[in-house]
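I would like the entire structure built from these sequences, with the hints used as guidance.
Under this note's numbering, the first residue of the sequence shown is numbered 167, with each subsequent residue one higher.
Since no wrong hints were added, every one of them can be taken at face value.
Listed next, the in silico EDC-like pairs over lysine to aspartate or glutamate satisfying Cα-Cα at most 20 Å (straight line):
no.: 1; residue 1: K250; residue 2: E217
no.: 2; residue 1: K443; residue 2: D453
no.: 3; residue 1: K437; residue 2: D420
no.: 4; residue 1: K295; residue 2: D321
no.: 5; residue 1: K443; residue 2: D325
no.: 6; residue 1: K354; residue 2: D251
no.: 7; residue 1: K239; residue 2: E229
no.: 8; residue 1: K443; residue 2: D311
no.: 9; residue 1: K266; residue 2: D336
no.: 10; residue 1: K239; residue 2: E227
no.: 11; residue 1: K354; residue 2: D294
no.: 12; residue 1: K208; residue 2: D251
no.: 13; residue 1: K295; residue 2: D311
no.: 14; residue 1: K295; residue 2: D317
no.: 15; residue 1: K354; residue 2: D397
no.: 16; residue 1: K220; residue 2: D210
no.: 17; residue 1: K205; residue 2: E219
no.: 18; residue 1: K201; residue 2: E219
no.: 19; residue 1: K197; residue 2: E229
no.: 20; residue 1: K205; residue 2: E215
no.: 21; residue 1: K208; residue 2: E219
no.: 22; residue 1: K265; residue 2: D336
no.: 23; residue 1: K197; residue 2: E391
no.: 24; residue 1: K295; residue 2: D316
no.: 25; residue 1: K220; residue 2: D397
no.: 26; residue 1: K212; residue 2: D336
no.: 27; residue 1: K295; residue 2: E391
no.: 28; residue 1: K201; residue 2: E215
no.: 29; residue 1: K443; residue 2: D323
no.: 30; residue 1: K201; residue 2: D214
no.: 31; residue 1: K239; residue 2: D336
no.: 32; residue 1: K201; residue 2: E217
no.: 33; residue 1: K197; residue 2: D294
no.: 34; residue 1: K197; residue 2: E227
Simulated restraints on C-beta separations:
no.: 35; residue 1: P413; residue 2: N471; range: 33 to 39 Å
no.: 36; residue 1: D294; residue 2: P403; range: 16 to 22 Å
no.: 37; residue 1: P413; residue 2: W324; range: 17 to 23 Å
no.: 38; residue 1: F385; residue 2: I199; range: 22 to 28 Å
no.: 39; residue 1: Y417; residue 2: R383; range: 49 to 55 Å
Keep in mind that the hints were calculated from the coordinates and are not lab data.
Ideal Cβ positions, reconstructed from N, Cα and C, are used throughout, including at glycine.
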Amino acid sequence: MLKLLQLGSFLLLTQSILAQNTFTPQHPRQKTIAKNITKPLKIDGKLDESEWEKAPSVRLEFEVEPHQGQKAKQNTSVKLLYNKDFLYIAGICHDSLGKKFLRAPDFRRDFEPRNHDSFGVTIDGFNDKRNAMTMITNPYGTQRDLLAFDDILYDEDWDGLWRVRTSRSDSGWVAEIAIPWQTLRYPKNQQIHAWGINFFRNRRSSNSTYTWSPYPRSFSVNRMEYAGVLDSLLAPPPSVTNIRVIPYMLYAFDHYKGSEYEKQGGSGSFKTGGEIKWAINPNTVLDLTFNTDFAQADADRQVNNVTRFSVFFLKGDSFFLKMLLYLA
167 MLKLLQLGSF LLLTQSILAQ NTFTPQHPRQ KTIAKNITKP LKIDGKLDES EWEKAPSVRL
227 EFEVEPHQGQ KAKQNTSVKL LYNKDFLYIA GICHDSLGKK FLRAPDFRRD FEPRNHDSFG
287 VTIDGFNDKR NAMTMITNPY GTQRDLLAFD DILYDEDWDG LWRVRTSRSD SGWVAEIAIP
347 WQTLRYPKNQ QIHAWGINFF RNRRSSNSTY TWSPYPRSFS VNRMEYAGVL DSLLAPPPSV
407 TNIRVIPYML YAFDHYKGSE YEKQGGSGSF KTGGEIKWAI NPNTVLDLTF NTDFAQADAD
467 RQVNNVTRFS VFFLKGDSFF LKMLLYLA
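Below you can see the structure in the form of C-alpha cells.
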C-alpha cells in the first residue's frame with residue numbers, strides 16, 4: 167500500500183512539473199508582414215540599404231531557456247523583405263559582451279546549433295501547423311537546415327539552396343539571409359499567402375534560447391502549432407522548371423600498377439557524374455543520379471574502433487539515402 171501511495175505521489179508530481187512546462191498555443195497567433203521591394207539586395211551582412219530601414223520589425227522577447235516565460239535578457243530583432251526572386255530575413259542579435267564572446271566551434275555544414283551562437287527561422291509554407299523548413303546560421307555564416315514534420319520526423323540530410331552573410335561588432339552580430347522562392351514549398355493556387363513562421367536565437371555564453379512566438383521548452387521551435395504568422399505575402403507561383411543540377415568531377419592518380427608494392431610510373435583517370443533534383447510540384451521532388459560517386463559512401467571508409475561505442479558515420483551520398491528512406 168505504501169508503495170502504491172509513493173507511486174501515486176510521484177506521478178502527480180511529474181504531471182505537475184509537465185503542466186508547468188507546457189502551455190497551449192497563443193490565440194490569436196502573433197502576426198508580422200514582409201515589405202515588398204523591387205530591387206535586389208546585396209547580401210553582405212551589413213544592412214546598409216535604405217530598404218532595411220523601412221522594413222517591418224519584430225522582437226524575440228520570450229525566453230525558452232534557461233527560465234521559460236521570462237523576458238529575453240538580450241535584444242534580438244528580425245526584419246523581413248521580399249521581391250520577385252527572394253525572401254530576405256535579417257536577424258540583428260545584440261550582445262552586451264561583444265563579438266569576443268561569440269561561440270562557433272566549427273564551420274561545417276549542418277553544425278550542432280546548441281554548441282554555437284546561432285540565429286534561425288522555421289517556415290511552414292502550407293500553414294498546416296505540421297510542416298517545418300528550418301534554416302540556421304552562426305555568427306560566421308555557417309549553414310544548417312532541415313525539414314521536420316510534427317516536430318517528430320526529421321530530414322537532416324536535406325540541403326536547401328539559400329544564402330547568408332554575417333557581420334560581427336562590439337554590440338553583437340547580424341545575419342542577412344536570402345532564400346530563393348524555388349527553395350520554399352507553398353501552395354500554387356493562392357495569390358496572397360499566410361505562412362506559419364517563427365524566429366529563434368541561441369546565445370551560447372549564457373545558454374539562453376529566445377524566440378518570437380512562444381513555445382514550451384519541452385518541444386522545439388519546429389512545433390509549428392506554436393508558430394506565428396507571416397501574413398499578406400505576395401509570393402510568385404511555384405516555378406514548373408524548378409530543377410537543380412549538382413555535377414561532380416573526380417581525378418584519380420595511381421602510383422602503382424600490378425603489385426601493391428611495385429611502383430610502375432603511375433597513371434591518371436577522370437570520372438564525371440552528378441545528381442538532378444526536380445521539384446515537380448510543392449509536394450513531390452524527383453531525384454535522379456548519373457554515374458554516382460560511391461566515394462561518398464560510408465562503406466569506403468575504414469575506421470579502427472578500439473572503444474566500446476559504435477562509430478558514428480556522417481551522411482553519405484544524398485541520392486541513395488533518400489532511396490533507402492523511400493524503400494523503407
